[in-house]
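Here the working numbering is used: the first residue of the sequence shown is 1, the next is one more, and so on.
Accuracy of the hints is not assured; some may be wrong.
If you anchor each label on the Cβ, the simulated ranges turn out as follows [unchecked claim]:
| id | residue 1 | residue 2 | range |
| --- | --- | --- | --- |
| 1 | H187 | E217 | 29 to 39 Å |
| 2 | G64 | T197 | 47 to 57 Å |
| 3 | S258 | E82 | 26 to 36 Å |
| 4 | H126 | D218 | 18 to 28 Å |
| 5 | S87 | P180 | 14 to 24 Å |
Derived SDA-like pairs: lysine to any residue, alpha-carbon spacing no greater than 20 Å straight-line [unchecked claim]:
| id | residue 1 | residue 2 |
| --- | --- | --- |
| 6 | K17 | P275 |
| 7 | K235 | S179 |
| 8 | K235 | L182 |
| 9 | K262 | I146 |
| 10 | K235 | S145 |
| 11 | K235 | L265 |
| 12 | K17 | L66 |
| 13 | K17 | Y283 |
| 14 | K235 | S184 |
| 15 | K235 | Q106 |
| 16 | K235 | R176 |
| 17 | K17 | M1 |
| 18 | K235 | V204 |
| 19 | K235 | P200 |
| 20 | K235 | F132 |
| 21 | K17 | Q89 |
| 22 | K17 | G113 |
| 23 | K235 | L260 |
To be clear, the hints were calculated from the coordinates, so they are not data collected in a lab.
Bear in mind that the values here come from a model prediction, so they are computed numbers and not experimental data.
We put the beta carbon where it would ideally sit given N, CA and C, even for glycine.
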Amino acid sequence: MLFRLDGLELHLIPGEKFEAVADAVGTLRESTYRQQLSGSGNTRDLDDRDSAYDHLILLEPSSGALAGSARLQFIPQFMAAEELPGSQQSYLEHVYPGIKAMLAQQTNHVEIGRVALAPRFQRQPHSLMALFRGGLLIAAHSGFSILHGLVSYNHFAHNDAVNAAFLSALMRPPYRRTSPALPSPRHPINAIQPDNTPHPIGNVQALELAIRQDHSEDFRLPVLLRQYFNLMEAKVCDLSLARDFNQITEILMAADLSRLPKDRLAFFIDVDHQPVYQQFSWYRGK
1 MLFRLDGLEL HLIPGEKFEA VADAVGTLRE STYRQQLSGS GNTRDLDDRD
51 SAYDHLILLE PSSGALAGSA RLQFIPQFMA AEELPGSQQS YLEHVYPGIK
101 AMLAQQTNHV EIGRVALAPR FQRQPHSLMA LFRGGLLIAA HSGFSILHGL
151 VSYNHFAHND AVNAAFLSAL MRPPYRRTSP ALPSPRHPIN AIQPDNTPHP
201 IGNVQALELA IRQDHSEDFR LPVLLRQYFN LMEAKVCDLS LARDFNQITE
251 ILMAADLSRL PKDRLAFFID VDHQPVYQQF SWYRGK
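Input sequences plus hints: build the corresponding full structure.
Now the structure itself:
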C-alpha cells in the first residue's frame, strides 16, 4: 500500500502482477468510458499493453470496492534503445511514434494513462485527487519530473462550432506548450493547426464558460483535462484521433513538476506514505 487517505487506500502494483486485478480493472474502465460514449464495446476494457505498465489501484476498504485505477510507465533517461517500449507496449508510443526515444534522450519521464473511477466515486473529488496525488508523489520521490498523458475528448457529443472553438483554443498559448517539439501523431487532426497567437481568454474555466455562453450550454471540460490544468499546470502538446480505438479526439498533455510552485508540489508529495516505489527498477530517487 502506498497510502491511506480520506477512507481510501492507494496501491502500486507492478505490471507482472496486473493479471490478478485485470478483470476488476477492465470492468471499471469499460463502465467509466462507456459513460463518456467512448467505451470499447466489450464487457472489459483491457489491452495487451497493460503488463508493460505499473498500476495504481484505489480501494475503499470499508466496502471492498474498487474505486479507481490508472496505469503508469516510468522511462529513465538514457534507457537503452532496445529496452524502450514500442507501440505494442506503450499507447503513447503508438499514438506518437518515436516519442519514447526522444524523451528518453532528454530526461526521466512518466506516461499516465487509462485513468478510471467507479461511478459512485466520480462524485467525490478526493477520489480522483487520490489517483493524481499518488502518481505525482511517486514521480517526484522517484526522480521523475516530466509527465505526459492523453486525455479523451468526445467530439461526437458536440457540434462543429463547439469543437472548433474548444480545440483551436487549446492549440494556442497559454494552453499550448510550444517547446520542445515532439514527433507528429500517427493520426493528426489536420483541421486544427497550432497558432502562436495568444488566445484572448487566459484560463480554462473562463474558456469553458465562454463556449457555453456562445455555443452550447451542454459543453463541459473533460474532467481529467481540468485536473491537468488546475493541479499540475500542464500544457497541451498536440491533438490526435484515436482511429485504432474509439475514433474520438485525444489531447496530449505535458506537465513539468519542477516548474510547479513549491507549496503546490508539497501538497501532493508531503503525504504520510510507504515508499513502495523504491522497489521498482526505474526508481531514480535519493
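Which numbered hints fail: none
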